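Here is how the chains run, residue by residue.
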Amino acid sequence: MIPAAFEYARAGSVDEAISLLSEHGEDAKVLAGGHSLLPLMKLRLATPSALIDVGRLQELSYVRDAGDRIAIGALTRHRDLQVSDELARSAPIVSHVAGLVGDPQVRHRGTIGGSVAHGDPASDLPAVVLALDGELVIRGPAGERVVPASEFFHGFLETAIGPDELLVEIRLRKTQGGWSYQKFNRRAQDWATVGVAVARTDGTPAVALVNMGATPLRAAAVESALAAGASPAEAAESAAEGADPSSDIQASAEFRRHLARVLVRRGLEEAGV
Amino acid sequence: MSILGNRVLRKEDPKFLTVGGSYVDDLPLEGAVHVVYARSTMAHARIGGVDKSEAEAAPGVLAVYTAADIDLAPIPNGAPFGNPAMTRPWLADGVVRYVGEPVAAVVAQTRAQAVDAAEMVIVDYDPLPAVVDPEAALRDETLLFPEAGTNLVMTFPDALAGIMLPAEAADQDEGIFDDCEVVVARRIVNQRVAPCPLEVRAGAASWTEGRLTQWATTQAPHGVRDTLAQSLGVDPTAVRVVSPDVGGGFGAKIGAYPEELFLAWISRALGRPTRWVETRSESMTNLGHGRAQVQDVRIGGTRDGRILAYRLDVIQDSGAYPAIGAFLPMFTRTMLTGVYDVPKVYFKARSVATNTTPTVAYRGAGRPEATAAIERAIDLFAAEIGMDPADVRRRNLVGKDRFPFTTPTGTVYDVGDYERALDLVLEAADYKSLRKEQARRRQSGDASQLGIGLSVYVEITNGLPGSEFGSVQVRPDGKVTVRTGTSPHGQGHVTSWAMLVSEQLGVAVDDIEVVHGDTDVVPRGVGTYGSRSLQTGGVAVNQAAGQVVEKARQLAADLLEASPDDVVLDKAGGRFHVAGTPAVGRTWSELAQAAGEGGLSAETDFTAPGPTFPFGAHVVVAEVDTETGRVRISRVVAVDDAGRILNPLLAEGQIHGGIAQGVAQALMEEVVYDEDGNPVTSNLADYEFVSAAELPAFETIHMETPTPLNELGAKGIGESGTIGSTPAVQNAVVDALAHLGVRHVPMPATPERVWRAIAESRAGGNS
Amino acid sequence: MKVSMTINGRSVDADVEPRTLLVHFIRNDVGLTGTNVGCDTTNCGACTILMDGESVKSCTVLAVQADGASITTIEGLAEPDGPMHPMQEAFRENHALQCGYCTPGMVMAAVSLLQENPSPTEAEVREGLEGNLCRCTGYHNIVKAVLAAASAPGGPK
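Heads up: the protein sequence lines correspond to chains Z, B and S, in order. Sequential numbering from 105 applies to the first sequence in our numbering. Sequential numbering from -4 applies to the second sequence in our numbering. Sequential numbering from 384 applies to the third sequence in our numbering.
So here's chain Z without its partners, still in its complex pose:
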């Protein structure tokens, strides 16, 4: 319940955050809303030597129209995504899914950047970022780089963000027409046992999976089956292809594969595919 001791530094700007990260080395962690990191620290499953608090960088909290994309500041809280007019217009799936993360209290503190940077395959928003062909804007000592979502998630709790880098913005494609998010969990406040995001950004449906492997995944086999003219029910049969779900207290890998097939079918149907 009591985290191990750490050094604390509050960043007044993005640049200061990056220099603080460089200064404190690899064992330092970025603290945004803290709702992924602090629970681990309380159980002492994470014991960072220093926390660089970026929580006050208001300049990273926004949702903006960026032409064919929508740009979201990394420190935008789930609650702000939930009630964003801009998202309601251009990517309502993001608002909807933000409203399913954790519980209201978590949504008042947790941020999209924190959720994506944590790299937990059981999180809801990373799969949506993947489905909307997200671009992750990362800033470091050498400047800014943009990583496509397809190359961002490296493994369980591992992402493309370097130890002295900060995720500053997430750019998503706008959605067109129907979409669906199927979250299957036992309790409302639980992580998804399996989740499925379905959205269309350029006419063809994109399908992404939550908690079906070490990272969020695109259901590539489903997408190509649909492109080849398969019905939603037919395409959904290949939902677990290429997935490598784990077995845990919530579900066996076998059941997760089954759920993925059912939820993909339902998602495609709800999205009007």
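Worth flagging that the hints you see were computed from the coordinates, not collected in a lab. Computed from a predicted structure; not experimentally measured. Just so you know, even glycine gets a beta-carbon here, dropped at the ideal spot from N, CA and C. Only true hints are included.
What follows is a list of derived Cβ distance ranges for each label pair:
hint	chain 1	residue 1	chain 2	residue 2	range
1	Z	Ala324	B	Gly736	34 to 44 Å
2	B	Gly44	S	Ala397	38 to 48 Å
3	B	Lys427	S	Pro466	46 to 56 Å
4	S	Ala397	B	Ile117	30 to 40 Å
5	Z	Glu341	B	Ala758	15 to 25 Å
With the hints as your guide, set chains B and S onto chain Z.
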């Protein structure tokens, strides 16, 4: 107009709602040092050594204790008549027997320092094979207590024959199914669950001039006092236990745990007050668990629905150190046949030690296990003979004209009308329409299927003999102090006992103070558990109030120079006067002043002539997604008859809470260990503690059959909801899938289990 | 590290270890013990308070993160000698508490819920309280109380 039976709002609430309760960890305690326990990370291992040097040298640390430092006798087997060789050390001594067992106590100036130092205690473990499965434990291949020679804690009824049960109880007939046309058998796991009161365990201890004050979050402060005195080798008068507000107990806070008791020892050793509060993760592996029975159920009867024989063979998991949980099959036996008239029965149970957290009482404590078994068995039997489960139940209920009714295991039910409860619940649920809707869904082939689950139950309350203390004192200002030996932790005794006294004295509820939970202020007490409080402590207070009224009448008669027979109490005015001449009288305040020091008072110790047997019937409607296995409970309709109801608002609250816990067991919650004995549900992220979002509103139906065993006509209500709801939910889940050939789904009915049951049935097996 | 915040309208300055959780700061440093701790995994919500007007779990916020914030705990929901807040009143009227341990957090979560959704359906109340666990009431009367507060004269505050 009587206040009894009214929905009186709680006196307790304003404090809880505006500044919060005063729980043990809220108390200021000047100069207290903090205790944190270093705990076993292995389920079963020899301790090669404990290196505490680094911890001792850590900032703020005053002391680090291990078993080697303790001069206290081991804690005896907590199961009455259990194997005496199975004792518990205060801190693990040479061997650890479950993950989470305390190995060392670290004392530091601040809690954070103690937590930091506890991580520095290095324990050298030499792993032993862990026995996690109680059935495997019975094979005695690995022994938890080699000196006991067995893992068997005790057997039922043999261990109690000639002690708590008649000698012939041990002598039972194995040929009971010979006359049956149909016999159904099934192995049923009544899974291990965690009681999860919202307040975890906490304690504080302080010695002043050789006298101990201990703050405890407990359901039974006087019991804690006696245990402390015995453990520390001091006289009970040298111990004061204060139980301030208690954040829930559910049976798991009846006794005192070693970590709490040890605080007093440390405080004495260091000459400093000590305090301790566990984390939820610690609590999940150390606050006792509940249920944990493996049941072999066999039921037989005729093809037209008459039950003729019933057999239950139980393996009770006692966990690593036998506590009261090991004894609870006693109550499973007591309630073996439930509401049914079954001519022939057989019961056997074995409690066995495993490398897991010890089991204790949890809301219902042995009776939910009996009800779950027979209510599931009735449905299995009904499915086998193709009869509606409501009809099979009706066919076999004990008739209302047969009370007091003696069951085949010798239990004497006080009073009941089970058929009326069944009728009421079926009518309220509109059972016939539900069956029609179910048929329609089955016809349509919809992925979402409807299940209708039933249970009819009876349970025992105040099941352990014992008296309870109550006193009533009218103070010179005319206000009243009530002292009670019960120890409420959410039940609302402060309001209920005030209602009882108000009714008799005519003093407003707001002017009646109810005192509990301090052994220096309440001289005797047993506590609050087993749904005993109203029918023991409430009656004691009620009787004391009656005695105070009589004393006051005598005094008023003296003062008014009248015969006591002519003096009446005007309850509306709180004043005694001679009948017919209300102008001249004496108020409570005047009488209390006239009575001299201490005012007017009376105290009683009430012992009930026997336990009482609340009963009821529940209907649960479940929507089951046959593709994902997800179950949603859409309705819970509950008839619970607890005799005469003192305050319906509070009674309903007890039923609601009970139902939620019962539903949670059927659907959500299970304590799980891996094969090495590592707990995998050791926090509230992994343990599926039910929330509002998974539950519907509950429909409660009023029914009152007063018991003749006490003047209030009251039976217990605390555990009924839990007992009735669990099997109704489980039966509803199975019922939703019955047309697919499913006959059973284990608890908790998780999506995966439901999905597997359907898959196995489709593959041609019988689930 | 120095922190300064407003708690129930009163400004509080203190020097804390960075690892101090806000809930421990409120309970131990400020001495307001109405806010409880029920778990260590951000699940139970017993520690829920309002931070700048919104419900948060104070076990998952560092005191240093709350520097400069305005905090309301159960003790500050109503004036000390004034009438109870409509939500507190609704909890009492509907017997929405038993042991009282989850109650402060539950009330604060419910207040925040109605701020965001002044006329919720029963299902929305249940979903809205997903982050607050209660072991005593079965939630039945809590949901009833929140719905009652929402439809109380004058509406939710």
